[in-house]
Amino acid sequence: MLRCRLLQRTSQLRVATRSYATSASAHALLFIEHKDGVLDSGSLSALTAAQALGGEVTGVIVGAPEDVGKAVENARKLKGLTKLLHSSSKSYSPPLPETVTPLLQQILSNTPYTHVVSAHSSLAKSILPRVAAKLDAAAISDVTSVAHDASENATTFTRPIYAGNAIATVRAPSSVPLKFFTVRTTAFDAAKADESSGDVLVEEVAAVDVPDVPTSHVSTSLTKSDRPELGSASRIVSGGRALKSAETFNATLEPLADVLGAAIGASRAAVDSGYADNSLQVGQTGKVVAPELYIALGISGAIQHLAGMKDSKMIVAVNKDADAPIFQVADVGLVADLFEAVPEMVEKLKK
Amino acid sequence: MRPSPARLLNILVPVKRCVDYAMKIRVNPQQTGVDTNVKHSMNPFDEIAVEEAVRIRERLGDKVKSIKAVTIGPSKSAETLRTALAIGADAAIHVEIPDSAPSPEPLGVAKAIRAVIERQKEQGGVDLVIMGKQAIDDDAGQTGQILAGLMDWSQATFASKIVVDAEKKEANVTREIDGGLEELKCRLPLVVTTDLRLNEPRYATLPSIMKAKKKPIEKLTPADLGVDLTPRIETIKVTEPPKRVGGTKVANVDELVAKLKEAGVVPT
Chain F
1 MLRCRLLQRT SQLRVATRSY ATSASAHALL FIEHKDGVLD SGSLSALTAA QALGGEVTGV
61 IVGAPEDVGK AVENARKLKG LTKLLHSSSK SYSPPLPETV TPLLQQILSN TPYTHVVSAH
121 SSLAKSILPR VAAKLDAAAI SDVTSVAHDA SENATTFTRP IYAGNAIATV RAPSSVPLKF
181 FTVRTTAFDA AKADESSGDV LVEEVAAVDV PDVPTSHVST SLTKSDRPEL GSASRIVSGG
241 RALKSAETFN ATLEPLADVL GAAIGASRAA VDSGYADNSL QVGQTGKVVA PELYIALGIS
301 GAIQHLAGMK DSKMIVAVNK DADAPIFQVA DVGLVADLFE AVPEMVEKLK K
Chain V
1 MRPSPARLLN ILVPVKRCVD YAMKIRVNPQ QTGVDTNVKH SMNPFDEIAV EEAVRIRERL
61 GDKVKSIKAV TIGPSKSAET LRTALAIGAD AAIHVEIPDS APSPEPLGVA KAIRAVIERQ
121 KEQGGVDLVI MGKQAIDDDA GQTGQILAGL MDWSQATFAS KIVVDAEKKE ANVTREIDGG
181 LEELKCRLPL VVTTDLRLNE PRYATLPSIM KAKKKPIEKL TPADLGVDLT PRIETIKVTE
241 PPKRVGGTKV ANVDELVAKL KEAGVVPT
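Listed in order, the protein sequences are those of chains F and V.
For what it's worth, the UniProt record's numbering labels the leading residue of the first sequence as 1, then goes sequentially.
For what it's worth, the UniProt record's numbering labels the leading residue of the second sequence as 1, then goes sequentially.
Treat each hint with caution, since some may be false.
What the hints assert, rightly or not - In silico BS3-like pairs for lysine-lysine, Cα to Cα no more than 30 Å straight-line:
no.	chain 1	residue 1	chain 2	residue 2
1	F	Lys351	V	Lys261
2	V	Lys63	V	Lys185
3	V	Lys76	V	Lys215
4	F	Lys90	V	Lys185
5	V	Lys249	F	Lys350
6	V	Lys39	V	Lys213
7	V	Lys261	F	Lys90
Hint data in this document are derived by calculation from the structure and do not stem from the laboratory.
Construct all of the structure, not just a fragment, from the sequences and the given hints.
So this is what it looks like as structure tokens:
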């Protein structure tokens, strides 16, 4: 599995003897996401990636006035943050690209930031490219490794392209002074909170008033679940078209997920057929996961699905079709009717 | 009484020619990219975008004045525009780059689309841009958001439902977000990026393919638009992803459960 690479520090020694008009060492602005004040685990992975740049990391938290205080309390304990900015306004709840962009634009102008970092989440994917456009900066999506050369102010990233069927190594040179990137969170460990720290400099930034916002929020409906969150679960049980209906999907997968303490995922075919909710889709166009254990039930293993799960530590496949492509990536495969095999697995795992 | 032209809706649909989604990708031996000597087709998300534009016209009728497709790419990208015309776009714009030119970056593409929008002003402008949420080759997923930023327009990404009110110049868009759905009300002009579940694109029929051959494609160069499409990010190399070691098949559930327990991935 890809883990973040530490940057090479050898060339940094030269920096001390030179003087630059602007600081050559990295200073990242980390967009920290939270839900009602609870930090998103993806942002913690993005913090690890930001630290790999080898310089300072300033976090920024936006949201409703009643949530931001709690989020700041949680974030100030994070290891690796050097500073924390926060800004609250009713117009940041929920954050809209049209309202948050002017704020980030203001924070990023006249400052020493060299990078802007976030998780590759649906919120950050919507906001960051818009901010980058305002600043005429380049953005790199869904990176799996980061290495910064401070002496040249160049950053090298790796990122999957073509649904993960090729890995591109790209370099943002010094001619791109401000580098935006989103982080594939399964490629970086989550940064830890440290009770002893908490002396991070916290600074409030006044919300930027945007007159006549062209977009307004109408409603949000989240899928409620007591199960672990799909993106960060250590075990995932996933179902495909072979589950036949929403009823059999739930009746078959839920007992297995319960006994394993696993999250439930789905292939695009299962989602399109209405067996499972959109937010459970694993793949190029859904969530990218890398759990300890991924159990694929009745999933053939199309390229687009593999793109979302092939970095899992252990892949188990149960499929009737012995020639299904999923068996080429599965560590353990069982050719069987899943409606017989899964209940039997549940029974035997309970023992 | 006919509505005044200002009330009519002009839709622009940017499309991209990509390696077909079903193709097996091979990295070239020089590690400079992937072998592109394979079947290409329209980026699947863009197909959904064209389909949605056509469906909006089917719902709103005469209130939609035009649907134009635009692409930025080498000569062969004209095929992709013909596909868009066959699905139901009225006209197309091809910003042609040399076959040997490197693939432009989202920022360059968005600037080119901005310039195209500027040129549409005398024809009533553009009220709605519908485009895919990402191209399945570079998987960047940035162009729509960058364009909305450059234009200072409203944006709605990852759309799974679009309801346009042409009179009020508004659209309600349902978006797929992490964990569920979100609905926004957006004032036009607006940039929407499409998610998979927005619609099921139709197959172009033979008569519509024949008709598409007669529809106009305007050819432009980046110089005509005053944009520089040179990439700012250097691609150092492209490599194959690490291969997974071929797994083993087990004969029954007992062996499967034993393997899980052996690997320590099962809670005890």
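Results of checking the hints against the structure:
1. F/Lys351 with V/Lys261: holds (11 Å)
2. V/Lys63 with V/Lys185: holds (20 Å)
3. V/Lys76 with V/Lys215: holds (17 Å)
4. F/Lys90 with V/Lys185: holds (17 Å)
5. V/Lys249 with F/Lys350: holds (23 Å)
6. V/Lys39 with V/Lys213: Judged against 30 Å, a Cα distance of about 21 Å means the pair holds.
7. V/Lys261 with F/Lys90: Roughly 50 Å between the alpha carbons, so the hint for V/Lys261 and F/Lys90 is violated.
The structure fails hint 7 only (numbered hints given earlier).
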